[in-house]
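Chains as they are written, first to last, in this note's numbering: chain D, 1 to 383; chain U, 384 to 1079.
Hints were generated in silico from the structure; no laboratory data involved.
On a predicted model such as this, the values are computed, not experimentally measured, just so you know.
Think of the CB as a built atom: it goes at the ideal place given N, C-alpha and C, for glycine as much as any other residue.
There could be a bad hint or two in this list.
Examples of chain D residues toward chain U, derived with CB under 10 Å [said to hold, decoys possible]:
1. Ala-76
2. Leu-77
3. Gln-172
4. Gly-234
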Amino acid sequence: MSSLDELTALISTYQQAFTEALGAADAAAASARPAALDALKVAWTGRKAGKIADLMAHLPSLPPADRKAFGQQVNALKTVVESALAEREAALAATRRPADAVDITLPGRAPAIGHRHPLSLVREEVQTIFTRLGYQVLEGPEIEDDYHNFEALNMPESHPARDMQDTLYLSQPLPPPSGGVSPKQAEPAKADRSGTTRRTLGPQPLTLLRTHTSAMQIRYMEQHDPPVRLVAIGPVYRRDNLDLTHTPMFHQCEGLVVGKGITLAHLKGTLLAMAEALFGAGTAVRFRPSFFPYTEPSAEVDVACIRCKGAGCPVCKHTGWLEILGSGMVHPAVFEAVGYDPSEVTGFAFGMGIERVAMLKWDVGDIRLFYENDLRFLEQFSV
Amino acid sequence: MKVLYSWLRDFVDVEDGPAEIGRRLSLRGLALEGIEPAPPGEEPPGRAPIDGDAVLDFDVTANRPDCMSVVGIAREIAAVYRLPLRLPSPDASGHLRAAALTAVDQATFSVALEAPDLCPRYVGAAATVAVGPSPGWMQRRLTALGVRPISNVVDITNYVLLELGQPMHAFDHTRLAGNAIVVRAARPGEALTTLDSKARTLAPSMLVIADATRAAAVGGVMGGLDSEVRADTTRIVFESAWFAPGSVRATSKALGLRSEASMRFERGADQTGAARGMARACALLEMIGAGTADGTMVDATARPYVPRVVPLTHAHVEGLLGMSVPVVEVERILDALGFTAIADASRTAWQVRVPGWRPDIARPEDLVEEVGRHHGFEHLPATFPPVFQAPPPSDPRIARDAAARRGMLALGFSEAISFAFIDAAAAAPFAAGEPAITLANPLSETFAVMRPSVLAGIIDAVSHNRRHGRRDVRLFEIATAFAARGERRSLAAAWTGAAGGDHWSGGRRDVDFFDVKGVVEHIGAALGVPLAFTLVEPDYLVAGRAAGVVAGARQVGVCGLLSPVLADARGIPRADDVYVLELDLDAITATAPPGATRVVPLPRFPAVVRDVSLLVDDTLSGATVRDTIQRAAPSTLVSLREFDRYQGRGVPAGKVSVSLRLTFRADDRTLTDDEVGAAMTAVLAATRTALGAEQR
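Could you build all of it, start to finish, from the sequences and the hints given here?
Right under this line is the structure:
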């Protein structure tokens, strides 16, 4: 006769042995695990030779009073064993792959998706920023007359500032366009401005490629009364040889705000908002006095270096600042040219190179890359 | 403009070193371009050498001729550091001395101003000299600023130019025929050999300094070789004058001759500086032992200089800048820069007299800038302009171009941006018989002609990518095309290589005509304008693989296979098939302005689909078959499309089997088999009668 205590101790040993065997099966390599689990199942739950059955065989050797307690203990172990094995079998079944499984490491079919040109991305970003700030976005003619590109911008024929922008001229002047800023923009005729010093000039022959989008300031103000709040974006042309930072065609964004009481501080607030939108919150801007014939006062505007945040690095030539645009308060002579009264309104204007922004944003070291249209370059930009 | 730190210190006792001065001036309108170590050498008598002496190079803007001098930059430094400016004067001791010259009407020479508009003031003074090298300290200063020492007399003229910004010239007195200086317009064809040994032919628009018989110098530009100071010269006449900027600029440009003098005169020299420069030159002559001035000067003035007076109000200063600047600060800045501001009783407005060296100051706004920049733009608050009204709509081309761009990107085309000017050969195939718009001064022949078609740039972009090993290329560009009748916005695209299926699983197919036609149809849909096709075969496309694109009744574009000859000429491999398209976006939107999309209710009754295969002549166009069916079918035919074309086994030669899918539906009822059957009978009868089609 066996005693219940002896057999309880035996169950405990079995339980210990199962835990170890299960641990060994779990630790087996993934490929060996199914076989290990099958062996465990046979060894423990087999009807004839299984270890649970082994234990049960001791039942008759106990006094009848102890048999119920022993049976409960064996059944408890059986439940532990069966549920542990069932759990693992279920887990194994979940990972089993069907026969027609695909090799998920093979390359997918690339959908035909085009990539946007980085200049187009910056251009749209700038448009979005200023649209959000309540600006009208305009485009304008790329072939211009001397009056709109220079003279009305306070750069008469002999002005030394004309040297600042080497101009590309047409071999043969073209007749002036019949429309204005844009045929779609037609508005009621402007109010009579008798008493102003506006020059009465008929349409001029087109002689040159615009050197800046500032020409659009004149075209717009000629046709619309203040207030004005616009940006003009598009290609401009200068006789610059190609090098790392120059191309004979590049893109500009011109901003113009005219109204009563517009100040240089308003310009600073506006450009700060733009800089933060383009380069991230907290981007500082700095105004440095400069000279442009069509603004007074004039300022070059720097943003804190977007790489080093002002600490100094090769990108900013260790100054902590990057020049991004020229700006200023609209020169009274410009207002006079378009028939605005400079004692009534003031305004600010700025002109920014789109390429410059793109080069800074994406660390493009050579401006010529924008015009090669190499797909290896373009495909680095998002859709 | 380069300046020597130690030279600046002659005029202002600034304690900061060169780097800090450069940094601070950069924020006041004089951008520092660079700093170099100063050349070693002597200092002027009585001046101790300065540790860390350096040459500062400033970028002087075109409006500031006064800063093309050491004194001009020293004046800015004095204003920034709130220090006094020390100027050369008759009673100053040491090397800042200016001579006290007596003005006389006639000296050992005479001066006549015959062109008072171009030269209203001319100061001449004679001296006896012993020509030799100038002292080491003067040579060092000139060299540091990039001017080559020549001789003591010539070096003095350059020294005064650099120091005060007053260009000077020295004539050999004995070479001035008749002891006369005549400032006059050049005679037609008058000849002069300038100091650079070049023979020049002058025009009457140019100003010359002549003696009694001939020209001796081009006024404000360069002296003549014949009257130059030589080693054996013993008597000289110094010239210190003011020449009108426009004339000097035009003359310098016409002669292709720029000099340190012309660069200053053409921007505007100091109208009050001629006598000051002369006094300085005569003092230097004696200081360096180069000679003795006669002590007199002929100060010829055709018109007395009247200083400009510009009114300024405090309200204007603060109103334009948008920051507060105290009245005393306004007055301090103007005073430091050499302006004389006379306040009104309330001290809120001034009459400001402009010094002769500031030709750029003509309006109150110019003074506001002076106050603003020296008070410091760093004090500007960042405020925001008030919005007065909702902005008018933006240029409608922007949204339209964006829609076309989205369409092209969705079709797998990447966006290109090309130069608007191309070479004449690239432009020619697209000119359509119109004269090209050419540039008068192109950078090179590569950039000589404004593109008549945006395709030209796209083709070159394809070529670039093919030459860099890219087999499959899809590119588009939305840009301006140029013609004498005006600018137009064009969408151009090119497609070569795979049309799809370029994958390890197979199914690769190369692009064909119907791919590019599909692109055009998609863009039409994107713009809300139905586009149709017509037989147009321009020379730059392959006949039989080309079509014109039509909106309304107007041709608005083309699509098709690029001529291999043209592709080859642009460097594209001959075996490539490059399909292209170009659409005139302005013409498309002008023909049919995009309307708002309106939703069509979903059908309430089911459709009935019937497929039919017809044997027809293979010369018959798809459009003819479709038109015949459309006309014969009742209005319940809502869709008709080809889904197969077959030639080969079972189809007689010269015939093609066309399979069409017809979809019938009515809005108010479910169609019965009888109704659809009757419709199909009518359709088949019509194709048999009109086209001789047999049903297969």
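_D/Gly-234 was flagged as interface toward chain U. Is the shortest Cβ-Cβ separation under 10 Å?_
8 Å, holds
*Under 10 Å, Cβ to Cβ, is where D/Ala-76 needs to be relative to chain U, so tell me if that hint holds or is violated.*
At 56 Å from the nearest chain U Cβ, D/Ala-76 fails the 10 Å test, so the hint is violated.
*asked:* Can you verify the interface hint for D/Gln-172: is its Cβ closer than 10 Å to any Cβ in chain U?
replied: With a closest approach of 7 Å, the D/Gln-172 hint holds.
*Against chain U, run the beta carbon of D/Leu-77 and see if the smallest gap drops under 10 Å.*
54 Å, violated
In this structure, the hints that do not hold are numbers 1, 2, in rising order.
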